[in-house]
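S.K.: Can you make the complete structure from the sequences, with help from the hints?
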Amino acid sequence: MKVKFLTSFIFLVSICIFLIFYKGLNKSNIYSPDNIIEKKIPSFSVKQFYNNIKITSEEIFDDEKFYLMNIWASWCVPCREEHRFLLKFKKLDRLEIIGLNYKDKNKNAKTFLNELKDPYDLIIVDDDGTIAIEWGAYGVPETFLIYDKKIIKKIIGPLNDDLFFEIKDLIK
Amino acid sequence: MKLLRIVLVILLILNFNVLKAENKNLEIEITKNLRCLICQGQSVYDSDSEFANSLKILVKQKLDDGYEEKEIYNFLKKKYGEWILYEPRFNKNTYFLWLLPILMFVAGGAIILKLFILKKN
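Top line first, the protein sequences correspond to chains A and B.
Heads up: the first sequence at position 50 corresponds to 50 in my numbering, and the numbers run straight through without jumps.
Heads up: the second sequence at position 11 corresponds to 1011 in my numbering, and the numbers run straight through without jumps.
What the hints contain is simulated information worked out from the structure, not anything from laboratory work.
Hints should not be assumed to be uniformly reliable.
Residues from chain B shown here face chain A by an in silico Cβ test under 10 angstroms; the list is partial [claimed, not checked]:
id, residue
1, 1023
2, 1058
3, 1081
4, 1085
Taking lysine-lysine pairs in the BS3-like style, the calculated list, with each CA pair at most 30 angstroms apart, reads [claimed, not checked]:
id, chain 1, residue 1, chain 2, residue 2
5, A, 149, B, 1079
6, B, 1032, B, 1002
7, A, 90, A, 2
8, B, 1002, A, 39
Ideal Cβ placement from N, Cα and C applies to all residues, glycine included.
M.R.: The structure is reproduced here in structure tokens:
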């Protein structure tokens, strides 16, 4: 009786452990941030890049308009690569491009823009990275497509051709 | 009178220190319970990545603004999802995780009861 009980108990426990590992190891542990959790844009007040005057998010984002908010920094290499796409976006009407300069030195950022041209209609500054967190961002580069004060698309990492055409379709 | 005033001032300053220290401890406690999303396997407190450093500043700001610990968790959960918290909340995905220790405890108790107590009788 005792032996039977013990074996069945061990059997049960091993099945339990097996199931946990089977389920757990199959599941990808890499956090996929593709799904936007909060769609409404955050409200914040932030310094402007060129004149240091504070501006609020309500002043930046209008209702009936598409915005592309791009988080960038001069020290970020992929930002350099995606820059040409931002310049392409600049040619489209109906789309306003806002740059969030992330943890950057003003001087370096200006050199960066002089070198590669400035695609932004407005640049705001995030010195300590807290604004980026309000947006639920992970780092640079990261791009948000905004309409009606809602995030309709979030791109983590640099822009590319496919994304360019996808966004172009979205804002039609 | 003057002495009283000095004592009062000193007491006040000391109190402020306590307040600050409490905030600091809470800050550490909160950041230890946050998962650094871009450097997995580390908490925000342990990590020195840009993301983690910004989060530390944000937690400090929120505490200074008078946010409660829970409110900060909820705020970050809304932005980044459940995954950012080390302590998962009880829901349909995590009930097994939470109930397993209790189940094991009960099972262990049953074994002890069966093997030692009931046998004696």
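S.K.: Now tell me if each hint is right for this structure.
M.R.: Verification of the hints:
Among the interface hints, the one on residue 1023 of chain B is violated; its C-beta lies about 17 angstroms from the nearest C-beta in chain A, farther than the 10 angstroms criterion. At a threshold of 10 angstroms, the smallest CB-CB gap from residue 1058 of chain B to chain A is about 5 angstroms, leaving the interface hint in force. Among the interface hints, the one on residue 1081 of chain B holds; its C-beta lies about 5 angstroms from the nearest C-beta in chain A, closer than the 10 angstroms criterion. Contact between residue 1085 of chain B and chain A, as hinted, is not supported at the beta carbon level, the nearest pair being about 12 angstroms apart and thus beyond 10 angstroms.
Taking the CA atoms of residue 149 of chain A and residue 1079 of chain B, the gap is about 16 angstroms. The hint holds against a cut of 30 angstroms. A distance of roughly 45 angstroms separates the Cα atoms of residue 1032 of chain B and residue 1002 of chain B; the hinted pair therefore is violated under the 30 angstroms criterion. Between residue 90 of chain A and residue 2 of chain A, the direct Cα distance comes to roughly 78 angstroms. Violation of the 30 angstroms bound is thereby established for this hinted pair. A C-alpha spacing of about 59 angstroms is found between residue 1002 of chain B and residue 39 of chain A, which places the hinted pair above 30 angstroms, so the restraint is violated.
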